[in-house]
Amino acid sequence: MFSFVRRRMYTSALPLIIVLLGVFLLARLTGDPTSLYLPESATEAQREAFAQKNGFDQPMLTQLGDYFTGVLHLDFGTSLRTGESASEMAFRAFPATLQLAFTTMLLAIVGAIVIGCWAAYRPNSLADRFSSLLSMTAASIPDFWFAITGVWLFAVLLGVLPTSGTDGPLAWILPIATLMIRPLGVLTQVVRGAMVSALSAPYVRLARSKGAGDLRVVTHHALRNAAAPALTVAGDLAVGLINGAVVVEAIFGWPGIGKLMIDAILQRDFAVLQAAVLLTAVSIFVLNIAIDACYALLDARVREPARV
Amino acid sequence: MSSRAVLAAGVAVLTVATSGCTVANSGRGGYDPNTLRIVLSQEPPTLEPCESSLTSTGIVVRSNITEPLVERDPNSGDLQPLLSTGWRQTSPTEWTFDIRTGVTFSNGAPFTAADAAFAIDRAVNSDLQCNVDGYVFGDEKLKLAAVDDTTLTVETEKPDPILPLRISFVEIVPRSTSTTEKVREPIGTGPYAVENWDFGQKLTLARNPRYWGTAPAFARAEYQWRSEGSVRAAMITNDETDIATSLGPEDGAGDLGVPFQNNETTALRMQATEAPLNDMRVRQAINYAINRTGIVKALFRGLGDPASQLIPSGVVGYNDQLALWPHDADKAKALVAEAKADGVPVDTQIRLIGRTAQFPKIAETIEVIQSELAEIGLTVKIEMMDTASQLQYQLRPFPANTGPYLLMIMHGNQAGDAAFTMDQYMLSDGPQAAYGTKEFDEKIRAAEALTGQARQDAFAKLFAEEPQEIMQMAYLAHMKGILGKSPRVDYTPNSATGDEMRLSEMTAAGSDRTDAQ
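Read top to bottom, the protein sequences are chains A and B.
Okay, so the first sequence: first residue is 1 according to this note's numbering, each after it adds one.
Okay, so the second sequence: first residue is 1 according to this note's numbering, each after it adds one.
If you're looking for bench data, these hints aren't it; they were derived computationally from the structure.
Do not take every clue at face value.
Unchecked claim - Derived pair list, reagent style DSBU-like, types lysine-lysine, alpha-carbon separation capped at 35 Å:
| id | chain 1 | residue 1 | chain 2 | residue 2 |
| --- | --- | --- | --- | --- |
| 1 | A | 53 | B | 143 |
| 2 | B | 141 | A | 53 |
| 3 | B | 158 | B | 143 |
| 4 | A | 53 | B | 158 |
Said to hold, decoys possible - Over 10 Å on every C-beta distance to chain A, these chain B residues come out as not near it, computed from the model:
| id | residue |
| --- | --- |
| 5 | 164 |
| 6 | 213 |
| 7 | 428 |
All figures in this text were calculated on a predicted structure; none of them were measured in a lab.
Every residue, glycine too, gets a C-beta built ideally from N, C-alpha and C.
Given the sequences, and given the hints that come with them, work out the whole structure.
Set out below in structure tokens:
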């Protein structure tokens, strides 16, 4: 298992370097931050002093070299906007996103397994129709609309939930519901499809003939074999959430990494943007390794390279 | 296997529960009647007092945490004493300020003329690149001297008849404040002091027990921020906040939304150095094509007044005799046709640049203007940009080889004097001016040297002459803002509310005061 993880780390290093390079170059293509930070009537000398202080007067290659040197020392520089350490800002925002994403995915996976298994076990039943409706809804409802409508309905009209913020458990419901609807819909369909195949497989018929009960057939035989495709999709969806639940964080005032990144882009706060992207990229890299490790646990063929 | 599954599920539940508590407990929760709850559209990037000209900083800092020597009454426009009890011009280039006695900073240090001299010098003469320096003082350097504890002299390079007005923009900080780094949480003499700043989530101010004036009604003020206007409005209707700033007419605050005249004026700035906009007839045609009254009525829902100049009433220099430029599409078409017949390339594509979310309904406004200009025979392409990109077109040096463009601008004259507008937008080399003439520059400089009624008349005349001589702008509207206000708070917003929201003017509804702490 250790050698498997080590192999995955080596193969992920290059994409990580490409991400670092990409965010550095793309950030600088979006324009000069000077106008945002200096007074409207700043003189040319003041602009030059600003550029010098922040290293923008250096050739691009020098800036790139300084950036990579900083990354190696975990020093991403200082935020132009707040004057704080960029890495501190990123590390402070990241747990909020991680908590939201983790909770959302956990609930979505549990919900998808229950609904998907039920729909597969009873085709054309109420659960099956509900799972289809859920998938269509997930695919067609923009999360922005869902969030605003949720605020209007549950906070303004019914008064049972807070509009936004992070105060208390109730404040988690609307952000999680908004984030969860898409993963739940997608995963439910994947689980349902995989379970339909698994439940018609010979080993399930054998288990039934040996007297296994319905619950045992579903949970111990079919579900384990149906888990691999669901795990793949769940991994992709989780990456999407970690990458920044931007809309949800912006609407609900959730102090996460997505909102930090958007603010950094709008304010041309390169140091914060680079720190936030790198932290996110590393997390996705770790998550992918974890998913691959789960695969390896589920399937021995993944653990060892093919032998001829 | 099943024991492993149970263990994994247990770990997962524990992690979620722990993580949930981490975020959930980060807020204070509940609501205290002695706490004023305010939701802003964005978090202040800093509370550095010399950055108070930035709206997102000034709305929290000015007159709440720190105070200036003199303050401008937003209703009358008159200067009022604050940390200075009186001021006079003691020579053409020198002003003397009498410093208030018995004032202490929130850290206990006494306030004297030396602090005032230090704070002004720090904001204006240092290398901190303070926003107030560029916005209010430009290249001007000041010589400051604390004659004694209660007397401050300020010497200017040239005679400056409105120096006290400029000084009203400088927030006073103690001599212990850094002169090499900007501070994030300042010390001041204001009615409140920073209690806690949970960055990204909440900023709490607490009553300054050493405040020299009357103690404010609320013991605490708690700021949060939500970027979405409809969420801010929902927080007001759901009683989650007492004050919500920057609401739009369709955000849903209902009766809790209080309209008020702000300082902002919207206009299209025409890049008159590029053909076909370098032809006066084309610029006049654009002005004739725009139906200001219709836009204000239909898009802004009456929350604004059609504009004939770049400053609203109440600002020194406003010309109340200046009529709106008439809406006349036929005349506009005729002018475009006439220019075309003379060889002006009116078919050249003109870029119409707007800043996303600059004001409510900006996207629709831009689309309406594009349609109106297309109707008179101009080819206009819409480009919506974020703030940083749009600023490249708004501030000198402008990008090269841009072709002709019309730029939607929104100008707020916080100072109450037309000189600040003229310097920025009307001088031929003004930081935000696209076009001008040396002759008009001289008229501006002459007006700026005047005082009193002569100053008012001179600026008013310039606003009447600009469309005839320069016509750099197609004015759109003097804007109105909407402030969400809970029934439990008494407060009347004024033209300065968007830039400087004085918490000490807010009281609990139904009683003059909330119980003191």
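Hinted pair residue 53(A) and residue 143(B), Cα distance within 35 Å: Between residue 53(A) and residue 143(B) the Cα gap is close to 27 Å, so the pair holds against 35 Å.
Residue 164(B) non-interfacial with respect to chain A [C-beta, more than 10 Å]: holds (20 Å)
Non-interface label on residue 428(B), tested against every C-beta of chain A at 10 Å: Residue 428(B) clear of chain A: closest Cβ-Cβ about 14 Å, beyond 10 Å.
35 Å Cα cutoff - pair residue 158(B), residue 143(B): holds (12 Å)
Pair hint outcome, residue 141(B) versus residue 53(A) [Cα-Cα no greater than 35 Å]: Given that 35 Å is the threshold and the Cα spacing comes to 22 Å, the pair holds.
Restraint check for residue 53(A) with residue 158(B), where alpha carbons must lie at most 35 Å apart: Judged against 35 Å, a Cα distance of about 31 Å means the pair holds.
Beyond 10 Å from every chain A Cβ - status for residue 213(B): holds (31 Å)
In the structure shown, no violation is registered for any of the earlier numbered hints.
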